[in-house]
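Colleague: Listed below are the residues making up each chain.
Number of protein chains: 2
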Amino acid sequence: MNLDIISIGDELLIGQTLNTNAFWMSKALNQIGFTIRQQTTIADTEDVILSALENSLQHSDVVLVTGGLGPTNDDLTMPTLNKYFGGSLKRDQKVFDHIKQLVTGKGFEMNENNQKQAIVPDNCTVIHNANGTAPGLWFEKDGKVIVAMPGVPYEMKAMVSDEIIPRLKKQFVLPEIINQMVYTQGMPESMLAEKIADWENNLPETIKLAYLPSPGRVKLRLSSTGTDRLLMQNYIDAEIVKLEALIPTYIYSTDNEDMAAVVGTYLNENKLTLATAESCTGGYIAHLITRIAGSSNYYKGSVIAYANEIKINELNVLQADLDAFGAVSRAVVEQMALGVKQKMNTDYAIAISGIAGPTGGSEEKPVGTVWIAVATPDGISSKKYVFGKLREVNIQRASITALGMLRKEF
Amino acid sequence: MNLDIISIGDELLIGQTLNTNAFWMSKALNQIGFTIRQQTTIADTEDVILSALENSLQHSDVVLVTGGLGPTNDDLTMPTLNKYFGGSLKRDQKVFDHIKQLVTGKGFEMNENNQKQAIVPDNCTVIHNANGTAPGLWFEKDGKVIVAMPGVPYEMKAMVSDEIIPRLKKQFVLPEIINQMVYTQGMPESMLAEKIADWENNLPETIKLAYLPSPGRVKLRLSSTGTDRLLMQNYIDAEIVKLEALIPTYIYSTDNEDMAAVVGTYLNENKLTLATAESCTGGYIAHLITRIAGSSNYYKGSVIAYANEIKINELNVLQADLDAFGAVSRAVVEQMALGVKQKMNTDYAIAISGIAGPTGGSEEKPVGTVWIAVATPDGISSKKYVFGKLREVNIQRASITALGMLRKEF
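Residue numbers (the numbering used here), protein chains in the order written: chain G, 1 to 410; chain V, 1 to 410.
One or more of the hints may lead you astray.
The list makes no distinction among identical chains, and a pair is therefore deemed to hold if it is satisfied within one copy or across any two copies.
Said to hold, decoys possible - Result set (DSBU-like, lysine-lysine): computed pairs, CA atoms no more than 30 Å apart in a straight line:
#1 LYS94 to LYS195
#2 LYS116 to LYS141
#3 LYS408 to LYS170
#4 LYS27 to LYS219
#5 LYS389 to LYS157
#6 LYS157 to LYS27
#7 LYS365 to LYS90
#8 LYS90 to LYS195
#9 LYS208 to LYS157
#10 LYS94 to LYS365
#11 LYS157 to LYS219
No lab work stands behind these hints: they were computed from the structure. As the structure is a computational prediction, the values presented were derived from the model and not from experiment.
Put together the whole structure using the sequences plus the hints.
Modeller: As structure tokens, then:
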């Protein structure tokens with residue numbers, strides 16, 4: 001079953017905004033059994049929209065369109081689709097009430113633009129937008145489905161997950177697709193590939209393997225397409241058992257969870273608590289932990305000690321050790337971990353100090369040098385890493401690595 | 001002058017790889033004056049490639065194709081283009097020598113696949129690939145240019161910058177294009193549009209306006225295409241002056257900077273310092289600040305007080321106020337701001353306390369309720385916001401809003 005994605009917006013065509021919508025939708029729709037035939041990105045003008053739509057309808061059963069549904073003058077998708085499908089515009093009371101609730105809830109008055117967003121074509125099914133004012137529009141023609149959605153990523157994502165996917169599953173008979181993730185940490189892609197080469201070469205033909213490296217991690221994806229989901233999953237599970245025997249300490253999840261979730265689940269289930277002390281990662285570890293709902297059950301807080309005086313005053317780091325070894329050193333990072341653990345009275349603590357870059361490096365301690373310490377109920381361990389030159393990547397890698405070090409203590 | 005981009009590869013269509021190539025090329029080619037008409041992403045099969053190419057050639061003068069140029073059997077772009085342009089394949093000695101140098105330089109022997117990559121169509125200009133073995137192919141037909149390039153990002157980028165752009169500039173007379181951003185914060189898109197409607201309607205015909213909303217912000221883009229860059233910039237600057245008079249407190253940058261950068265630049269230039277105390281945003285504000293290189297000049301650190309006991313012990317929040325008003329209250333958030341400001345001895349401090357969700361809300365304080373306080377050298381101000389239901393979006397919006405509140409104090 002073919003599916004096309006049309007993304008509308010000049011910001012995509014001038015290289016101002018990266019098209020994460022098409023990427024996310026492709027993954028989500030592929031997972032439920034659709035073959036994504038084409039992604040098309042175009043400007044918000046009537047003739048271009050119509051031409052892309054006609055091209056897609058020639059080859060695909062479903063066309064998902066995002067963008068151009070806002071209330072402002074540069075948004076032309078809705079009138080264009082309405083014209084194409086030969087409908088006329090009417091006011092939708094349910095949409096109006098929802099918009100009113102959203103707008104007045106934020107303390108604003110309904111204005112003309114808000115009113116305008118409740119005007120929709122009369123020949124489509126209106127799809128609820130739980131997180132915004134522009135509704136989705138579901139058209140059908142000759143057994144094919146065309147859905148227009150807002151381009152704001154979090155609005156579109158909720159709409160696809162909660163509304164579009166359930167409806168598409170009801171309307172089309174789709175093959176089963178399994179994409180099973182195996183999360184690994186601690187081995188670069190090239191080494192990992194070598195280590196598991198025999199296993200990879202002996203995978204059953206029905207299982208496809210992909211390597212997905214990201215800073216600090218390599219995810220493996222085992223994919224299978226067919227009709228018998230249980231059988232497919234059994235085959236995949238059997239291969240993961242073999243893989244776990246090959247690289248036992250490197251796999252941290254086979255459950256689509258990220259590292260902070262793995263750590264959080266363990267702490268929560270064992271009624272244990274965690275605090276962090278961050279220098280070079282500047283709050284990113286805390287963010288990874290606290291973006292998980294329920295993290296307040298086990299995460300007490302952090303001291304982000306960007307300046308040395310904060311390390312001394314708030315974390316009881318010794319001035320003498322800062323002078324002797326520098327902020328990026330085993331002595332300092334261990335004192336940071338113990339300091340925050342004691343201060344916040346937790347079972348575990350993570351501390352990080354490093355040189356994220358682009359400046360601040362030296363011959364002895366180049367950019368990317370990071371010390372990480374993990375304090376546990378039984379003691380403390382620490383390790384030095386040398387990552388790369390890119391600040392943002394260093395922040396990410398150091399954070400994931402620190403959470404990985406904590407996981408190994410459980 | 002229209003330009004199309006065709007990206008070839010299954011990894012893009014199953015949502016495994018984000019299409020950063022199309023994004024990067026769009027920006028680079030738009031900057032030298034091309035109008036990117038369409039980005040198309042397709043699988044590596046002959047009929048699909050030909051259909052996309054024909055569609056693009058109907059509307060555009062230049063078509064840039066990436067991917068499918070590798071040496072293996074599933075790479076069909078080269079034979080397909082060769083067939084389409086009616087050429088025949090020949091061995092290119094210069095390409096062969098380059099491949100041999102690359103392969104043997106890495107300590108490998110030339111194999112069959114390497115040999116194959118020196119076979120190219122005889123009716124195109126072969127483009128040097130400084131960083132890889134697959135050459136680029138430059139075809140011309142009826143005054144139009146079609147270039148096929150490898151999909152490996154760093155190979156493609158060097159080829160575009162060093163070879164393709166200089167040749168295109170020589171071959172086509174290109175207009176000047178300006179895309180000027182205006183960053184606003186504090187007003188939703190629909191209200192902003194109403195507020196600036198008269199200004200928008202009276203924009204010169206040569207200036208095109210677009211609204212780009214994201215959590216907590218709306219970016220406005222003023223675009224202009226012409227021949228006299230200076231004159232165009234003058235027109236745009238004049239309009240921005242009018243806009244600033246209309247919504248003075250809502251614009252935080254006209255310089256492509258994000259909010260944390262705007263705040264950081266001010267603090268840095270005025271030798272002022274900042275600390276933060278975060279509860280519901282859990283380190284995300286600190287991360288936004290510290291991902292900027294050089295932030296250690298003005299940012300001293302943060303106390304992430306996720307647990308109430310940390311608010312009391314580390315930030316001197318009064319137990320009595322926590323009991324009387326709750327953690328999400330003006331009294332508590334102001335004490336947090338003053339506490340961290342004093343503790344870290346800074347000029348400014350931001351504090352946040354709120355309910356990020358999905359649980360923890362009540363009738364009186366629903367999910368999304370956030371109190372933000374900003375302490376300055378002169379005093380303290382605080383404000384309550386009610387954002388939405390999505391945890392991750394609430395964290396982002398609260399963080400951007402807090403930085404925006406700080407900016408307004410400068």
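Colleague: Now, for every hint given, state plainly whether the structure supports it.
Modeller: To see whether the hints hold, each was checked on the structure:
1. Taking the shortest Cα distances, LYS94 and LYS195 sit within 30 Å of each other only across copies (26 Å), while inside one copy they are farther apart (58 Å).
2. When the C-alpha separation of LYS116 and LYS141 is checked against a cutoff of 30 Å, the pair qualifies only within one copy, where the shortest distance is 26 Å, while the shortest distance between copies is 47 Å.
3. For a Cα distance limit of 30 Å, the shortest separation of LYS408 from LYS170 qualifies neither inside one copy, at 44 Å, nor across copies, at 51 Å.
4. Proximity of LYS27 and LYS219 under a CA criterion of 30 Å is satisfied in both settings, with 15 Å inside one chain copy and 28 Å between copies.
5. In the homo-oligomer, the alpha carbons of LYS389 and LYS157 lie at most 30 Å apart only across protomers (14 Å), although the nearest pairing inside one protomer, at 34 Å, exceeds that limit.
6. Taking CA atoms no more than 30 Å apart as the test, LYS157 paired with LYS27 passes in both settings, with 12 Å inside one copy and 26 Å between copies.
7. In the homo-oligomer, the alpha carbons of LYS365 and LYS90 never lie at most 30 Å apart, since the shortest distance is 66 Å inside one protomer and 36 Å across protomers.
8. With identical chains, the CA atoms of LYS90 and LYS195 are at most 30 Å apart between copies only, with a shortest distance of 26 Å across copies and 62 Å within one.
9. For the homomeric pair LYS208 and LYS157, the shortest alpha-carbon distances inside one copy (27 Å) and between copies (29 Å) are both at most 30 Å.
10. Taking the shortest alpha-carbon separations for LYS94 and LYS365, only the inter-copy value of 26 Å comes in at or below 30 Å, while the best intra-copy value is 62 Å.
11. Taking the closest pair of Cα atoms, LYS157 and LYS219 come within 30 Å of each other both inside a single copy (23 Å) and across two copies (21 Å).
Hint compliance for this structure: hints 3 and 7 are broken, all remaining hints hold.
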